[in-house]
Amino acid sequence: MKKVILPELGEGIEEAVISGWLISEGQGVKKGEDLAELTTDKAVFNVPSPDEGTLKKIIRREGDTVKPGEILAELE
Amino acid sequence: MIICEDAKKRRSGMPSWLKKELPDAESVRRLSSYLKDKSVETVCVNSRCPNISECYSSGNVSFLILGNICTRGCLFCAIKKGLPGGINPEEPEAVAAAVRGLGLKYIVITSVTRDDIPDKGSGHYAKTVKAIKKASPEVMVETLVPDFGGDKGLIDRVIDSGVDVLSHNIETTPGLYPRVRPGFDYARSLGILSHAAFRGKAAVKSGFMVGLGESRDETERLMRDIRATGCDFLTIGQYLRPKNSRLEVREYIPPERFSELKESALALGFKKAASGPFVRSSYRAGEFFKTEDL
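As you go down the protein sequences, you meet chains A and B in turn.
As numbered in the working numbering, residues 1 to 76 make up the first sequence, in order.
As numbered in the working numbering, residues 1 to 294 make up the second sequence, in order.
Keep in mind that the hints were calculated from the coordinates and are not lab data.
Treat the numbers as computed from the prediction; the structure is a model and nothing was measured.
Worth double-checking, as some hints may not be accurate.
Stated by the list, open to error - Reference listing, derived: stretches of chain A covered by chain B, where coverage requires no fewer than 3 residues with Cβ under 8 Å from a Cβ of chain B:
(1) 27-35
(2) 39-51
Said to hold, decoys possible - Listed below are the simulated EDC-like cross-link pairs for lysine to aspartate or glutamate, each with C-alpha atoms no more than 20 Å apart in a straight line:
(3) B:K20 - A:D41
(4) B:K243 - A:D41
(5) B:K19 - A:E74
(6) A:K2 - A:D51
(7) B:K105 - B:E256
Note that beta-carbon positions come from the ideal geometry of N, C-alpha and C, so glycine has one too.
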């Protein structure tokens with residue numbers, strides 16, 4: 001099990017909103033493949049998969065406000 | 001579950017062209033802690049700039065001097081309005097040491113407005129430029145100055161410090177001044193550029209934001225006004241709200257329109273124009289200028 005953690009978005013940017021998941025639960029992903037899209041006040045970011053595997057569980061859903069360091073999903 | 005494929009579905013309504021790579025947290029952290037260690041502030045952090053990772057990983061830093069509390073409250077800017085504290089007399093040397101320590105080649109010095117002190121901070125700008133030039137004579141220095149109350153003698157202090165580029169941003173169209181930068185005056189700001197161009201010692205640069213509700217005609221007129229001052233270099237970027245208490249974005253301008261604006265600027269006689277959604281006054285400033293431009 002590997003956790004997908006939201007990395008730092010740059011100094012001063014404390015939160016982001018998940019604008020959508022690009023991968024569904026149960027789908028396989030490659031390392032570096034984009035999993036979800038986030039928006040801050042100033043930009044849109046894609047969150048890449050930290051590893052190869054299957055997206056086991058989405059923890060934070062579309063529309064959720066998330067902070068750096070939070071667990072977004074689990075990979076297997 | 002909704003799979004997000006269409007930009008229109010984004011909750012924020014932010015278009016796809018405002019997509020950025022995730023910052024390289026490590027390089028941002030490393031540079032930030034170095035700068036904190038040297039007790040210097042940057043506008044990169046204070047303005048919550050979306051380009052910070054890109055700039056920091058390529059060694060582009062814009063220093064913020066004279067504190068991080070501003071005596072004017074522009075509604076596009078993240079910096080807090082209030083009564084600033086005293087000026088740190090060691091700041092010019094601290095900035096010079098950081099510039100040298102990081103081996104920077106081109107740097108931007110900017111500040112909050114300091115209407116609370118008699119020389120409005122112009123002397124501190126001059127000291128900072130001189131300290132940098134003394135420690136690293138090869139470094140190109142751009143100062144992005146406030147309006148110093150329109151006092152030409154104060155602008156001259158900065159110009160005569162040996163700065164390479166004198167920048168003052170017009171920011172928006174005259175009709176939007178009361179809403180966007182109530183403490184500033186359009187004609188006075190243009191006067192800064194005219195005076196700097198008249199002096200002829202430093203290259204003169206300005207910039208403005210789009211997406212605040214200006215019309216196309218107003219934008220074209222704005223560019224003509226800036227060009228008429230003798231200003232040669234221009235930057236145009238998308239306004240993005242730095243925090244919830246600031247003005248909302250009225251319009252996301254597509255990249256094609258930014259290309260048109262650049263063409264218009266060049267047709268008006270600007271020597272160089274940078275125009276794009278993520279363009280900021282000091283974004284990749286060192287790449288913007290080549291030695292032969294100055």
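How the hints compare with the structure:
no., hint, in the structure
1, 27-35, "violated (count 0)"
2, 39-51, "holds (count 10)"
3, B:K20 - A:D41, "holds, 12 Å"
4, B:K243 - A:D41, "holds, 7 Å"
5, B:K19 - A:E74, "violated, 24 Å"
6, A:K2 - A:D51, "holds, 8 Å"
7, B:K105 - B:E256, "violated, 32 Å"
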